[in-house]
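J.: Protein chains in written order, with our numbering: chain R, 1387 to 1758; chain H, 1387 to 1758.
Among the hints, a few may not be true.
If chains are identical, the list can't say which one is meant, so a pair holds when it fits in one copy or spans any two.
No farther apart than 30 angstroms at their CA atoms in a straight line, the calculated lysine-lysine pairs in the DSBU-like style are these [to be verified]:
1. 1410 to 1713
2. 1469 to 1690
3. 1519 to 1452
4. 1713 to 1501
It should be emphasised that the hints constitute simulated quantities derived from the structure, not laboratory data.
Number of protein chains: 2
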Amino acid sequence: MIFSIDRESLVDALISASRALSNKTPMPILTGVKLDVDYDKVTITTSNSDISMQVVISNSHLKVEKTGSHVIPGRFFIEIAKKIKAETVEITVVDDNLINIKAGQSDFTLNGMEKELYPEITFNTLNNPIILKDEELRSIIYQTNFATSVLENRPILTGVLFDINGHKLRAVATDSYRLSQKEIELNISNDLKQIVIPHRTLEELSRLLTSNEKIEMFIADNKVIFKHKNVMFQSRLLEGRFPETNKLIPTEFPVEISFNKNELIGAIERASLLYQGGKDNIVKLQLKDDGNAIITSHSSEIGKVIEEITPTHIECNGEFIIAFSAKYVMESLRVFESSDITMFFTGVVKPFIIKGELDEGMLQLVLPVRVE
Amino acid sequence: MIFSIDRESLVDALISASRALSNKTPMPILTGVKLDVDYDKVTITTSNSDISMQVVISNSHLKVEKTGSHVIPGRFFIEIAKKIKAETVEITVVDDNLINIKAGQSDFTLNGMEKELYPEITFNTLNNPIILKDEELRSIIYQTNFATSVLENRPILTGVLFDINGHKLRAVATDSYRLSQKEIELNISNDLKQIVIPHRTLEELSRLLTSNEKIEMFIADNKVIFKHKNVMFQSRLLEGRFPETNKLIPTEFPVEISFNKNELIGAIERASLLYQGGKDNIVKLQLKDDGNAIITSHSSEIGKVIEEITPTHIECNGEFIIAFSAKYVMESLRVFESSDITMFFTGVVKPFIIKGELDEGMLQLVLPVRVE
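Whenever a hint applies, use it, and build me the whole structure from the sequences.
T.: Listed below in structure tokens is the structure:
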């Protein structure tokens, strides 16, 4: 294996591929980056137990003198590529498995890893991908992934459901105390498919979606493959049955209150200041006779807060008071693009939902806590 | 205690004072902020076991209706002041020791702490302070404090020696493997004084020195007080005898090599990449026949690096090779303002020193390691 490449392409490719690199792993070979050098392209492969990636470099700077495949210690290779100062990097394998990296005044020689131990990883893209725009998929992830469960007792809830049906894609995440749902229209009709993608996969995937390109999504039996420019990104799926969440979402709302989103976030944030680490920071929302609302919290140990806030719109007969987790509601509010949001209430112990005028297809649901 | 003040002054004062606030402490009262309200000023006091601070607010926005002293839970008070949205903050003590804080739409009531438990803290400023410019003291701290010891077995080395003698101030830090020394001229002659200021004190003090003001330094028996604008900053001193470091510094140098500082930092940084957490990253510097230098490192497990670098000036007869800790030398180099630095060598097992043309009065010393 002998080739040279511009440093910039190599660094970009390695930074992308590092998202799937293992740090600690029961398979030490996976701490390596696999290089497959052909005459017209270099393919970089990385994998951990959940995610695998393949990044292809193919440009006019690539000069291949000798093809070959080798596995290079990942962390060192990436740090070297980032830190060297030169336009061009020459990589040469000497003495069977010593990887020599020359760039400018720098001359590194790394012990190669045992390439025979690197597992066979296939990236089978089938026909008929689901096609999404970068920013569409980035929004879906941003607006749902935060609501997944962090507890491992119901593993299926640690991922986001992607429910594809005809022209519709519905993404749902819930930890059973709150739920986030986003629906978008697809340009092309697709067969019915339901998959649950792990939280971590979506987090890493989201970091790749920084351009205004398109991304193709291929669904196989137990995995999903995303194809994005020169990158293939593959993840395992969560197994099990995602709960039927549609029936949890109320449809009749005797009380509706609208707020300026940022004012509401500020008031809830201040009302939840007097809480000590570990305890849930519960606040109360109450409508007053004068048409104003107050958000309050109380801790006998520390003190109390009363935040007054003027709703932009109210529909309500009589008194209304409800208590909820400040953290859950603030996290929900922050993913809205609308500056004005509406909270829809069914009753003080029933889940309430939040919608925003400019956030078509998005719904946030939070379970209240009992008012003492 | 009843008064109102502009939020900005209150927040600025609290942020300054928070540098001495205790988080955990054997004296829980020290997690509180003490407020002493007079008709013309509000004094904020904070303290932990090492540092005490007093910040005075006195401006035309201050309106005092009733004087008094109270201790308010520090962390909550500071968070509230930061997060409230209003120009003016009204603070009123109700029911003996409930602290009510009103600002805009926000209404907080905090349980006050037992003010009788707050210790008496005196800030005695004597005559004849040593007067320094903000940026002078900031440089001294930046250029020496990093070289203090982190080990507690010789407590005196965890601080920086300030050695004042006539018109000279010499600051020295050493962990016994490297040493940093900075000398400046004082405008006014001072009596001989030697004090050792703890690392943490200097770190916090440095954060206050963001303006172009003057700072006054008062030295008492076992403490030092800094007076800076509306802030008094007091710290305990380290007890014991700081080692006589002058005799450690060589004066004859058969070998001198000058480098562009940033090129040298880059080469050492890259040469030290192939090291695994925990081990010391030792690199070798060697002069070659062709007038170039190489910096190398080698790990049988991972691989090796050769970095070539062209000195800007050499004085040397014959061969020269020396090995040192990459971390120590890089940390020393980073505090120089000069773009060109010179390394002065006495021998391969003797300490070497580094100086920079534009860094008058500064000297960095590093102990080499034996070349294998």
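J.: Which of the stated hints cannot be reconciled with the structure, identified by number in ascending sequence?
T.: 3 and 4
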